[in-house]
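Participant: Single-letter residue listing:
Protein chains: 2
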Amino acid sequence: MSDIITMVAPVNIAVIKYWGKRNEELILPLNDSVSATLDTNVMCAKTSVCVSPNFLEDEIWLNGVKESFSNERMQNCLREIKVRATVEKSVDDVFLSWKIHVCSENNFPTAAGLASSAAGYACLVSALAKVYKIKSDVSSIARLGSGSACRSVYGGFVRWHSGVKIDGSDSIAVQIADKSHWPEMHALILVVGDTKKKISSTKGMRISTKTSDLFQYRIQNCVPKRTEDICEAILAKDFVKFGEITMKDSNQFHAICLDSYPPITYMNDISNKIIELIHKYNNFHGEIKVAYTFDAGPNACLYLLQNEVPKILPLIQHIFPSSNPDTFVTGLPTHCEMINTNLLELFAQSNQKDLVKYVIHTKVGDGPAEVTDGSHLLDESGWPINPIIT
Amino acid sequence: MSDIITMVAPVNIAVIKYWGKRNEELILPLNDSVSATLDTNVMCAKTSVCVSPNFLEDEIWLNGVKESFSNERMQNCLREIKVRATVEKSVDDVFLSWKIHVCSENNFPTAAGLASSAAGYACLVSALAKVYKIKSDVSSIARLGSGSACRSVYGGFVRWHSGVKIDGSDSIAVQIADKSHWPEMHALILVVGDTKKKISSTKGMRISTKTSDLFQYRIQNCVPKRTEDICEAILAKDFVKFGEITMKDSNQFHAICLDSYPPITYMNDISNKIIELIHKYNNFHGEIKVAYTFDAGPNACLYLLQNEVPKILPLIQHIFPSSNPDTFVTGLPTHCEMINTNLLELFAQSNQKDLVKYVIHTKVGDGPAEVTDGSHLLDESGWPINPIIT
Chain A
1 MSDIITMVAP VNIAVIKYWG KRNEELILPL NDSVSATLDT NVMCAKTSVC
51 VSPNFLEDEI WLNGVKESFS NERMQNCLRE IKVRATVEKS VDDVFLSWKI
101 HVCSENNFPT AAGLASSAAG YACLVSALAK VYKIKSDVSS IARLGSGSAC
151 RSVYGGFVRW HSGVKIDGSD SIAVQIADKS HWPEMHALIL VVGDTKKKIS
201 STKGMRISTK TSDLFQYRIQ NCVPKRTEDI CEAILAKDFV KFGEITMKDS
251 NQFHAICLDS YPPITYMNDI SNKIIELIHK YNNFHGEIKV AYTFDAGPNA
301 CLYLLQNEVP KILPLIQHIF PSSNPDTFVT GLPTHCEMIN TNLLELFAQS
351 NQKDLVKYVI HTKVGDGPAE VTDGSHLLDE SGWPINPIIT
Chain B
1 MSDIITMVAP VNIAVIKYWG KRNEELILPL NDSVSATLDT NVMCAKTSVC
51 VSPNFLEDEI WLNGVKESFS NERMQNCLRE IKVRATVEKS VDDVFLSWKI
101 HVCSENNFPT AAGLASSAAG YACLVSALAK VYKIKSDVSS IARLGSGSAC
151 RSVYGGFVRW HSGVKIDGSD SIAVQIADKS HWPEMHALIL VVGDTKKKIS
201 STKGMRISTK TSDLFQYRIQ NCVPKRTEDI CEAILAKDFV KFGEITMKDS
251 NQFHAICLDS YPPITYMNDI SNKIIELIHK YNNFHGEIKV AYTFDAGPNA
301 CLYLLQNEVP KILPLIQHIF PSSNPDTFVT GLPTHCEMIN TNLLELFAQS
351 NQKDLVKYVI HTKVGDGPAE VTDGSHLLDE SGWPINPIIT
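Here the protein sequences line up with chains A and B, keeping their order.
Residue numbers for the first sequence follow full-length UniProt numbering, beginning at 1 and rising by one.
Residue numbers for the second sequence follow full-length UniProt numbering, beginning at 1 and rising by one.
A couple of the hints might just be wrong.
Identical copies carry no separate label here, and so any pair may be met within one copy or between two of them.
[As the list claims (entries may be wrong)] Pairs of lysine to any residue residues, derived as SDA-like cross-links and limited to a Cα-Cα distance of at most 25 angstroms, are as follows: (1) K311 <-> E345; (2) K89 <-> A348; (3) K165 <-> D373; (4) K357 <-> N107.
Hints in this document: simulated from the structure, not taken from any laboratory.
Bound-form chain A, shown alone (with noise of 0.2 angstroms):
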């Protein structure tokens, strides 16, 4: 049996995004797309993986639920890091015959539009590299298993090339910028809804390709421009031109979705009401300070410099009150300031409570790495340690 190898993978979120593909099967996107890496000692998929003669089978559990192994896009993922130890010669043949188990956790809802795929595959595929022993760039591994997973392989600011291969080879993610390039940049995701989202991003990403008109507009003629120019305010380290690309990419996306056949909708009431916050809080203060975004669901990510943080929090706190307000604020310490009362004075409170359920604080982080304290998801036969027995 090989050593259980345990890595934690972390939640990336776009600010230019990842919308249709060029080759469904190989999840090839139409266009590039950036994204920054999140500290995964906030957010992270931890997976536990080992290869015994002694497996009858290749298994998964996931968040300790027994899941299939069949499924295509895991199935992609192993036989590719298979064909990738066999070229490099990294393990003998022997060892690839063994069968893995696999146990994966997500320490944050899965599926509401919060990236927990990406972390996952991230996470999968990097702990497999480590038990095969792979040295190359394996985000082109994780791409078959959730596109937006290769962008988890690094850590800071990632570039996901879309490439123009028709095999996918230089579909791969790039590092725009590691975490201490611009370590003040972090991030408030306001929990809005973790129900599971009613259109898959495959799904609506399909619909859209098929059927919106200023789809292919978007792909040809905006995003080009906006990633070159994104990459330059990270590089730069220019927040407003950083924030304003931020969120006009988010509004576009979601203009697509909303121009496909049937429309799809991902944001609600409350996703633009922290849109109008967010205007409102930028036009006070002159510039734009914090700048938000939306993956598919209705839940905002908030990228803001650190020291804006005290300033935005308890004004979010007010207009969204919560029912459990010690517990409101997960993830990164932080305090709060008080709120200029000229500034409080545009905001009306909402008389419902929860509307935003929780706001999780975090900051761009690391790529994937291996835990070293032993804390493995597998037991030392290989089986996990914690099953929900079903």
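Based on these hints, arrange chain B on the given structure of chain A.
Facilitator: Frame of chain A; chain B shown alone:
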């Protein structure tokens, strides 16, 4: 003193949306738009006008309240009417020098995305045209009051040609077909909110024109073909084609609003619930039976053929329960059929009452008409009969 002229004029609801001006002063649009004119027996503006040597100044009362006649748009309409009267030599110079009294009412909520200004200006201009005995097309004068008002100058189905001339003289409304062409075309207006909209159409258009990256593509590449196609669909009485284009163009208009910066959101969660309902309903029937369209507000206008009304109304009443079911549906008389139980199972009843406040049942109707029953809004001396004293 002149005779008191009283006219009613209709609301129109666009199926190809007008959004964006090529000239703000002359209210010249960037694209053609298409609408159906709705029955004045259900919804209308009513306006009484007279001129007299006894009046000291031009005065106007809107919904009982005295308003300023110095409003630039009102001034433009009156001035153009007088220019036209001069050119046509329809009245003498003394008559032209007399001051005017105008009293106008809407029988539906104003400025909630229910096209109140369109009906209002169409009515004002039609009444003025009658007083000043103008024979030529006045749609271009109504346009100076409110762009879409030009479409309310005709009944049935109407196309507003954007025109190309700098002076706007070719930016006029033309009837595609009168109401007798497709008398089965009915409409249900689902009133979701009757508060004034947050961002006026004028301001919203300006933001979209300046900031939406997708806007020009819509104008140049999407709207022209849609306009031709929906005119064909109307002439061929092809409801499926009419409905599909109507829904797509509504969605695209709101997509452009969302792509604007800052983004503009007119629809809300209830609007989106209605959209979902209509797509599910059409899917169940395997073809488009009902089409939604949304103007600059959360209210839905559903276009459908007459025989569909008793089928979908009970479903709407089921999904959006009302505290006042007896007065929930206003306008044209209707009955309800039993809901197909297989259809009913697809929908959850909202647990909150009055999300849809009421429904206006109407149909395609005629253009402005003179009121001949003597029910003027001005008394014999030309003063409002029911002014609100503030």
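Participant: All hints are to be evaluated individually against the structure, with a verdict given for each.
Facilitator: Hints and how they fare:
| no. | hint | verdict |
| --- | --- | --- |
| 1 | K311 <-> E345 | within (15 angstroms within a copy, 48 angstroms between copies) |
| 2 | K89 <-> A348 | neither (64 angstroms within a copy, 57 angstroms between copies) |
| 3 | K165 <-> D373 | neither (41 angstroms within a copy, 76 angstroms between copies) |
| 4 | K357 <-> N107 | within (16 angstroms within a copy, 42 angstroms between copies) |
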